[in-house]
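Participant: Chain by chain, the residues run as shown.
2 protein chains.
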Amino acid sequence: MLRFVITAGGTEENIDGVRKITNFSTGTLGWLMLETLLEKMREIGRADFSVDYIHGTHALKRELPNAIARQVRFLPVSDARSAYNKVFEVLKNSHIDVFIHSMAVSDFTFSYASPLANLAREIFEKTTAEGEPSLADIEGILRNPEAKFSEGEKIASSAEIVFGLKPTEKIISQIKRLSPKTYLVGFKLLRNADETELLRAARKLEQDNACDAILANDLSCISQERHEAVLLKRGEIIGSATSKEAIAEMVVKHCVHQLKINEI
Amino acid sequence: MLRFVITAGGTEENIDGVRKITNFSTGTLGWLMLETLLEKMREIGRADFSVDYIHGTHALKRELPNAIARQVRFLPVSDARSAYNKVFEVLKNSHIDVFIHSMAVSDFTFSYASPLANLAREIFEKTTAEGEPSLADIEGILRNPEAKFSEGEKIASSAEIVFGLKPTEKIISQIKRLSPKTYLVGFKLLRNADETELLRAARKLEQDNACDAILANDLSCISQERHEAVLLKRGEIIGSATSKEAIAEMVVKHCVHQLKINEI
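As they're listed, the protein sequences go chains A and B. Each residue of the first sequence is one higher than the one before, counting from 3 in the working numbering. Each residue of the second sequence is one higher than the one before, counting from 3 in the working numbering.
Because the hints were derived from the structure by calculation, they are not lab data. Do not take every clue at face value.
Same chains, same label: a pair holds when it works inside one copy or across any pair of copies.
Here are the computed lysine to any residue pairs in the SDA-like style, where the Cα-Cα straight-line distance is at most 25 Å [to be verified]:
| id | residue 1 | residue 2 |
| --- | --- | --- |
| 1 | Lys156 | Leu192 |
| 2 | Lys94 | Lys128 |
| 3 | Lys178 | Ala161 |
| 4 | Lys178 | Ser136 |
| 5 | Lys172 | His259 |
| 6 | Lys168 | Asn16 |
| 7 | Lys178 | Ala158 |
| 8 | Lys172 | Asn120 |
| 9 | Lys42 | Met3 |
| 10 | Lys178 | Asp99 |
| 11 | Lys206 | Leu180 |
| 12 | Lys94 | Arg64 |
| 13 | Lys235 | Asp196 |
| 14 | Lys150 | Asn120 |
| 15 | Lys128 | Asp139 |
| 16 | Lys235 | Glu153 |
| 17 | Lys168 | Glu238 |
| 18 | Lys156 | Cys223 |
As the structure is a computational prediction, the values presented were derived from the model and not from experiment.
Sequences are here, hints too, so could you generate the full structure?
Facilitator: In structure tokens:
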């Protein structure tokens, strides 16, 4: 039995029950990888496999033939925390052969919102109180001010607002820790980076998280018609593609090839 | 010729080309009002009408019969600024009889992002420099710090981040100013407000913007199965409904009724 995980789409961080921070990910590439993987398995005549498809609530989904759909488990997640928990659960419960982590997981989550004027006054009063104001005091206020909208309150917003955001736990750093034998493909998206920067960032992601391969791309090379990306292994470019379909083909082929050699 | 405008769905405020601030609006209610209006026009045998349907990029849209679709102009908008401009353009170019403003337009837009530590240091250095720190200095930094990610740069986010947000121009306050004779229905959504608060907020929206009627609802009374709302005119409840379909029916019927009396 071969077990795959594909993560796809974007997460959404709740702000106040009305607003949210999200990203432009549509889940198209993730979906194409799922379709391509199912097709590849059919081609090589393997039916003893399963795919856990962990996806954002609004990620693209298309109809799948019934016979195939049964081999896919759809696992919707909302925010970075729920994505983290779902990945943890999946890796704890069964051995995963290949993990393709294409989901755009939010790097930060909402912490608080304050009216700018109130936050400024809080800092002002602290810094003009007796004694020397310390850097830590100011950091403390910016981290968790008293002057903030309470949880569950819709943010009144006819004035300037400040948001505090805190980092989320990185999913990618947990995967190999929980499951060292899983073949892990990470995704790196930069914006307006040149090739050197992109390759450096991809290499760092690969090394920091023990990824087996990285799909690296830059926003400036993504449009409706075109999507440029390179596939990297140990910092070396081992493939490139210029459309989402070709990227899906390249990534899936690479992963299936690994399995053939090692385990089939 | 009768001219209607319906605004629907939510706007999206770009953060850094990858992330955005948006809201949970799906555009379902807006779409139901469009369908209901088209049906009402058919029922009363009026074909000489048009609808400008101003909607968020991801708002719900369904197939319409071709004969009817020709009477609807679909005008997609992305952020609050583009929604504002589109409404301005529509009101400038033709007399609008009824304007149903159900769109969840963002009240604020992204201004900057700063690493919390850098922002704290900037404030600290200002406040410990020669002379007394002033409240205006601190406000100035929180409004437009030097320590911020540059425009077009993807926000690096392994640390805590602070966002600055500024208010957007209110669309609803412009409608009657540009077109005093338009029948204007505003929408008020609160969160966890009791009925008294909700009615007070709706009344304020009505008076501040010269609305002719207000549809008022609270998030706590909205679920998959149920959507409670009341229709108000001059602060008085003139109707109530408990589903999106019934709300659409109530609002559209009310608007068409106004037209019958006054203009048909």
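Participant: All hints, please: hold or fail.
Facilitator: Here's how the hints hold up against the structure:
In the homo-oligomer, the alpha carbons of Lys156 and Leu192 lie at most 25 Å apart only across protomers (7 Å), although the nearest pairing inside one protomer, at 33 Å, exceeds that limit. Taking the shortest alpha-carbon separations for Lys94 and Lys128, neither the intra-copy value of 47 Å nor the inter-copy value of 50 Å comes in at or below 25 Å. With identical chains, the CA atoms of Lys178 and Ala161 are at most 25 Å apart between copies only, with a shortest distance of 23 Å across copies and 46 Å within one. In this assembly of identical chains, the alpha carbons of Lys178 and Ser136 never lie at most 25 Å apart, being 41 Å within a copy and 51 Å across copies at closest.
In this homomeric assembly, Lys172 and His259 never come within 25 Å of each other (Cα to Cα): the closest approach is 28 Å inside a single copy and 56 Å across copies. When the C-alpha separation of Lys168 and Asn16 is checked against a cutoff of 25 Å, the pair qualifies both within a copy, at 13 Å, and between copies, at 19 Å. Taking the shortest alpha-carbon separations for Lys178 and Ala158, only the inter-copy value of 23 Å comes in at or below 25 Å, while the best intra-copy value is 43 Å. Taking the shortest Cα distances, Lys172 and Asn120 sit within 25 Å of each other only across copies (23 Å), while inside one copy they are farther apart (33 Å).
Taking the closest pair of Cα atoms, Lys42 and Met3 come within 25 Å of each other only inside a single copy of the chain (15 Å); across copies the shortest separation is 58 Å, beyond that limit. Taking the closest pair of Cα atoms, Lys178 and Asp99 come within 25 Å of each other only inside a single copy of the chain (11 Å); across copies the shortest separation is 62 Å, beyond that limit. In this assembly of identical chains, Lys206 and Leu180 lie within 25 Å of each other by CA distance solely inside one copy; the values are 20 Å within and 55 Å between copies. Taking the shortest Cα distances, Lys94 and Arg64 never come within 25 Å of each other, neither inside one copy (29 Å) nor across copies (41 Å).
Only within a single protomer do Lys235 and Asp196 lie at most 25 Å apart by alpha-carbon distance; the minimum there is 19 Å, versus 58 Å between protomers. Proximity of Lys150 and Asn120 under a CA criterion of 25 Å is satisfied in both settings, with 8 Å inside one chain copy and 21 Å between copies. Taking the shortest Cα distances, Lys128 and Asp139 sit within 25 Å of each other both inside one copy (8 Å) and across copies (14 Å). Taking the shortest alpha-carbon separations for Lys235 and Glu153, neither the intra-copy value of 45 Å nor the inter-copy value of 32 Å comes in at or below 25 Å.
In this homomeric assembly, Lys168 and Glu238 never come within 25 Å of each other (Cα to Cα): the closest approach is 33 Å inside a single copy and 44 Å across copies. Only between protomers do Lys156 and Cys223 lie at most 25 Å apart by alpha-carbon distance; the minimum there is 15 Å, versus 38 Å within a single protomer.
Against the hints set out earlier in the document, violations occur for numbers 2, 4, 5, 12, 16 and 17.
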